[in-house]
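**Student:** Residue strings, one per chain:
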Amino acid sequence: MGPHDSSISAAAGSTSSSSSSSACSSSTKPPQPPDQMDHLLAGAGYKVRSNDLHQVAERLHRLETVMVKSNPLEISDLVNDAVHYNPADLASWVDSLLTELNTNPPVPVPTDLSDPHPNMNNMMYATNHAPHLQQVVAQPFEEDVSIQLVHVLMTCAEAVQRGDLSLAGLLIDDLQALLGRVNSGCGIGKVGSFFVDALSRRIVNSPENAAVHSDLSAYENEILYHHYYEACPYLKFAHFTANQAILEAFEGQDCVHVIDFNLMQGLQWPALIQALALRPGGPPLLRLTGIGPPSPDGRDSLREIGLKLAELARSVNVRFAFRGVAASRLDDVKPWMLQVSPKEAIAVNSIMQLHRLLGPNSSRGPPIDLVLDWIRDLNPRILMVVEQESNHNQPEFLDRFTEALYYYSTMFDSLDVCTAQPEKALAELYIQREICNVVCCEGLVRVERHEPLVRWRERLINAGFAPLHLGSNAFKQARMLLTLFSAEGYSVEENEGCLTLGWHSRPLIAASAWQAIPKPSPTMGPIIHP
Amino acid sequence: MAGSDQINLCESKRVVPLNTWILMSNFKLAYNLLRRPDGTFNRHLAEFLDRKVPANVNPVDGVFSFDIVIDRSINLLSRIYRPAAKDSEGRVPLSTSFAQLKKPVSTSDVVVPVIIFFHGGSFAHSSANSAIYDILCRRLVGLCNAVVVSVNYRRAPENPYPSAYDDGWTALEWVNSRPWLQSKDSKVHIFLAGDSSGGNIVHQVALRAVKSGIKVLGNILLNPMFGGKTRTESEKRLDSRYFVTIQDRDWYWKAFLPEGEDRDHPACNPFGPKGACLEGIKFPKSLVVVAGLDLIQDWQLAYADGLKRAGHEVKLLYLEKATIGFYLLPNNDHFHTVMDEIHNFVTPIPDCE
Chain A
1 MGPHDSSISA AAGSTSSSSS SSACSSSTKP PQPPDQMDHL LAGAGYKVRS
51 NDLHQVAERL HRLETVMVKS NPLEISDLVN DAVHYNPADL ASWVDSLLTE
101 LNTNPPVPVP TDLSDPHPNM NNMMYATNHA PHLQQVVAQP FEEDVSIQLV
151 HVLMTCAEAV QRGDLSLAGL LIDDLQALLG RVNSGCGIGK VGSFFVDALS
201 RRIVNSPENA AVHSDLSAYE NEILYHHYYE ACPYLKFAHF TANQAILEAF
251 EGQDCVHVID FNLMQGLQWP ALIQALALRP GGPPLLRLTG IGPPSPDGRD
301 SLREIGLKLA ELARSVNVRF AFRGVAASRL DDVKPWMLQV SPKEAIAVNS
351 IMQLHRLLGP NSSRGPPIDL VLDWIRDLNP RILMVVEQES NHNQPEFLDR
401 FTEALYYYST MFDSLDVCTA QPEKALAELY IQREICNVVC CEGLVRVERH
451 EPLVRWRERL INAGFAPLHL GSNAFKQARM LLTLFSAEGY SVEENEGCLT
501 LGWHSRPLIA ASAWQAIPKP SPTMGPIIHP
Chain B
1001 MAGSDQINLC ESKRVVPLNT WILMSNFKLA YNLLRRPDGT FNRHLAEFLD
1051 RKVPANVNPV DGVFSFDIVI DRSINLLSRI YRPAAKDSEG RVPLSTSFAQ
1101 LKKPVSTSDV VVPVIIFFHG GSFAHSSANS AIYDILCRRL VGLCNAVVVS
1151 VNYRRAPENP YPSAYDDGWT ALEWVNSRPW LQSKDSKVHI FLAGDSSGGN
1201 IVHQVALRAV KSGIKVLGNI LLNPMFGGKT RTESEKRLDS RYFVTIQDRD
1251 WYWKAFLPEG EDRDHPACNP FGPKGACLEG IKFPKSLVVV AGLDLIQDWQ
1301 LAYADGLKRA GHEVKLLYLE KATIGFYLLP NNDHFHTVMD EIHNFVTPIP
1351 DCE
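As given, the protein sequences belong to chains A and B, one line each in that order.
Going by our numbering, the letters in the first sequence line up with residues 1 to 530, in that order.
Going by our numbering, the letters in the second sequence line up with residues 1001 to 1353, in that order.
Treat the hints as calculated values from the structure; they're not laboratory data.
As the structure is a prediction and not an experimental result, all values here were calculated from the model.
C-beta atoms are modelled at their ideal positions from N, C-alpha and C, and glycine is treated no differently.
Any given hint could be a false lead.
[Unchecked claim] Computed beta-carbon distance windows for the label pairs:
1) A:A466 with B:V1210: 37 to 47 Å
2) A:V83 with B:D1250: 22 to 32 Å
3) A:L484 with B:Y1318: 38 to 48 Å
4) B:D1305 with A:C186: 38 to 48 Å
[As the list claims (entries may be wrong)] Derived pair list, reagent style BS3-like, types lysine-lysine, alpha-carbon separation capped at 27 Å:
5) B:K1215 with B:K1103
6) B:K1229 with A:K47
7) B:K1103 with A:K69
8) B:K1229 with B:K1028
9) B:K1052 with A:K47
10) B:K1285 with B:K1315
11) A:K69 with B:K1315
12) A:K69 with B:K1028
13) B:K1211 with B:K1308
14) B:K1102 with B:K1229
15) A:K236 with A:K308
16) B:K1103 with B:K1028
17) A:K424 with A:K236
18) B:K1187 with B:K1052
19) A:K47 with A:K334
[Stated by the list, open to error] Which residues of chain A face chain B? A few of them, derived with a C-beta cut under 8 Å, are:
20) M37
21) V56
22) E74
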């Protein structure tokens, strides 16, 4: 486990130890012979079988939560009166303490069948202290159960990563029981239930199978999206910040063309149309090309949105043209479909879309490189990128799982302050689908491959883009937007020319703007836009 | 409680290998059982639970050890670790005869450092024969081609300040006066080393050595235990997150410091308001190792800084992602980094102009 320079987000990235029999996120350790002891712990005087390390850690964690909740005076009295045996056998010693402190019995250990000493043998107490014992029953406080819940979640995810699906299945049962005892209306109960659900789907289904979660119709998807848009400020921040930057990039331009990588309901564009209408010197000719998935039910939903926007534009005297491009994947889009003209100033708008291109390579190469390449060929004045600020694309499942747990629990915390229904409930369902994709899916089907800003910066610079800095006016206006929300917890931060929106100092969404550095032509040097 | 707060509680598991986590968590929980809220300590249970190993005059991996009483009046024991001498065929013999225990350590012109080691345990826990420290001392022998003297100093709360320091001083005087520990120049080449409370003891013993004229060649402080009355930023930020709490630190200081004294006592806070001035004295060079996830790091960094400002040579090794106890198991990069640094620190550099 070397000192590593991971990002500042709360979850650590993957760690690997240099030379040990067990590492904290190891999935590839070969199964040890049943009696093999961890030799490092043995050197320190503790006999723990290598295969039992996870279970022992589990019990230690349980013991801690019980001790944290119990009265220290009572613990110390109780323990002082008890007789302890064989502390080298760590598993049994911890079990005996747990038993003494009257907690839930430990998760059954499938491998530990040959243990000749049942748990109780490690501790005996004088009978006249039995009544004293009764007084020390640890009440399962909300907090205690919540901590257990998180810990069993991680343990279950570890088991999934190791391929130990039978243990994982047992832990799911444990998790369901814990969920039953915790407040499922908020906090860890709420977000925890989504992760338990996701894990159990993954255990039951093959992750490459797209039917891991029931597919919603496009219409149902739009409903969820709309309520997510209303319940919390993340999408609004994305749209708002993007529009600011696009407006600035279009200054002085008479013909402008916005290419939206995911039109959805076009919620971003009315504000831009109105801002252009009010522009000093008058509005430009605005073309909007909206990309979206083809509608299966014969509706041309792209065209419908286009018509609504056209009507709005007409009402504010902005000359407007719309074109819809139906594509299930961004890398299916060919530049000629966008019909750009050399006279126009182009803005490419990607709100939470680029990460979908980080999946397995197609026959033509990495999808992200292909798409960034043709974006660059369009020579846009601005490429606006908004992405989730988290690393849900790490190669190891447990790392993704843990990072997602941090990320979405923070997002759910922020949602807690929203009281409007059904916005809140449907927003949660929207987020749940993301969680499911991160946790349950693999391969082509896993599209929620979020990566943090530092990585997007590298990628975009390598792909021939230069940063356009979002300035203090964008910052100030984003903050003013937030005052429309009563919640105090949101924070906008500036990060080397980019803006992030987060909850309680944990950034959740990052917005950055870029311009293409034109490819040098053989006859002329590169031309940089002023 | 917010969902994200719950998840933060599982952080320690993510930054150390699983077996380390088990070891440190076990200590944390067991130690919790031993400290009583009224300030007394369950010494019987502590000794029962502590995993100990006997000394072994038969070399294991080229190192043998034996215990010696260095002060009968207080039963002060030390465990001596020595490299096994190879026989005429270059092999390490299977056993060491009694006569060889105190054979002169230096048989050639090569200088043999003698490292006086003070184990950790926050002044209350562990012993020179604790398994974790026995392993560490054995490793130091091979690493530094040194003799290691691990001092079984008296512990709090039964023996508070200044017992541990007195015992450290006794050991230093004893080591300095053993002819068989001398190198060919008829001097004992002494280094002081310690982790946690042991690091704190190193500082105090070195200070006393300066006043008494015994030459100490260098101090090695691994995650040394210092503190102070105020709550620093690192204490607040890291409280309870990586096996240690402010509450337990307070308990140990209360158990060690004299009755009625607070944590600005110079034993706890050597560069604090009641600290002594260290300028102008011949203090040994120091290697100070600080773990980035140790909640008392602000005090440790202040210590290193205090030494520097007083004009003394300090090498500060800050290991950003290390927790306490990282040096107990050789399963992480920090361990190897620190071992290399210790080797370089102790190995005499050939004279060059």
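**Student:** Now, for every hint given, state plainly whether the structure supports it.
**Tutor:** To see whether the hints hold, each was checked on the structure:
In this structure, A:A466 and B:V1210 break the distance hint of 37 to 47 Å, their C-beta atoms being roughly 59 Å apart. Evaluation of the 22 to 32 Å hint for A:V83 and B:D1250 yields a pass: the beta carbon distance comes to about 30 Å. A beta carbon spacing of about 44 Å between A:L484 and B:Y1318 agrees with the range 38 to 48 Å that was offered as a hint. In this structure, B:D1305 and A:C186 meet the distance hint of 38 to 48 Å, their C-beta atoms being roughly 45 Å apart.
Our distance criterion of 27 Å between C-alpha atoms is met by B:K1215 and B:K1103, whose separation comes to about 23 Å. At roughly 40 Å between alpha-carbon atoms, B:K1229 and A:K47 are farther apart than 27 Å, so this suggested pair is violated. Only pairs whose Cα atoms come within 27 Å are accepted, and B:K1103 paired with A:K69 is rejected, the gap being roughly 56 Å. Between B:K1229 and B:K1028 the alpha-carbon distance is near 23 Å, which keeps this suggested pair within the 27 Å criterion.
The straight-line distance between the Cα atoms of B:K1052 and A:K47 is roughly 14 Å, inside the 27 Å bound, and the hint therefore holds. Under the criterion of a C-alpha separation no larger than 27 Å, the hint pairing B:K1285 with B:K1315 is consistent with the structure, at around 8 Å. In summary, the hint linking A:K69 to B:K1315 is not supported, as the alpha carbons are separated by about 42 Å, beyond the 27 Å threshold. Simply put, A:K69 and B:K1028 have alpha-carbon atoms about 15 Å apart, close enough for the 27 Å limit, and the pair holds.
For the suggested pair B:K1211 and B:K1308, the alpha carbons sit about 19 Å apart, so the restraint of at most 27 Å is met. For the suggested pair B:K1102 and B:K1229, the alpha carbons sit about 46 Å apart, so the restraint of at most 27 Å is broken. Between A:K236 and A:K308 the alpha-carbon distance is near 20 Å, which keeps this suggested pair within the 27 Å criterion. For the proposed pair B:K1103 and B:K1028, the alpha carbon gap of about 41 Å is over 27 Å, so the pair is violated.
Restraint check: the Cα-Cα separation between A:K424 and A:K236 comes to about 15 Å, which is no more than 27 Å; the hinted pair holds. Between B:K1187 and B:K1052 the alpha-carbon distance is near 33 Å, which puts this suggested pair outside the 27 Å criterion. Restraint check: the Cα-Cα separation between A:K47 and A:K334 comes to about 62 Å, which exceeds 27 Å; the hinted pair is violated. Nearest Cβ of chain B to the Cβ of A:M37: about 11 Å, over the 8 Å cut. The hint is violated.
For A:V56, the suggested interface contact is upheld, since its CB lies about 6 Å from the closest CB of chain B, less than 8 Å. Violation of the interface hint for A:E74 is found here, the shortest Cβ-Cβ separation to chain B being roughly 10 Å, above the 8 Å cut-off.
Comparing the model with each numbered hint stated earlier shows that hints 1, 6, 7, 11, 14, 16, 18, 19, 20 and 22 do not hold.
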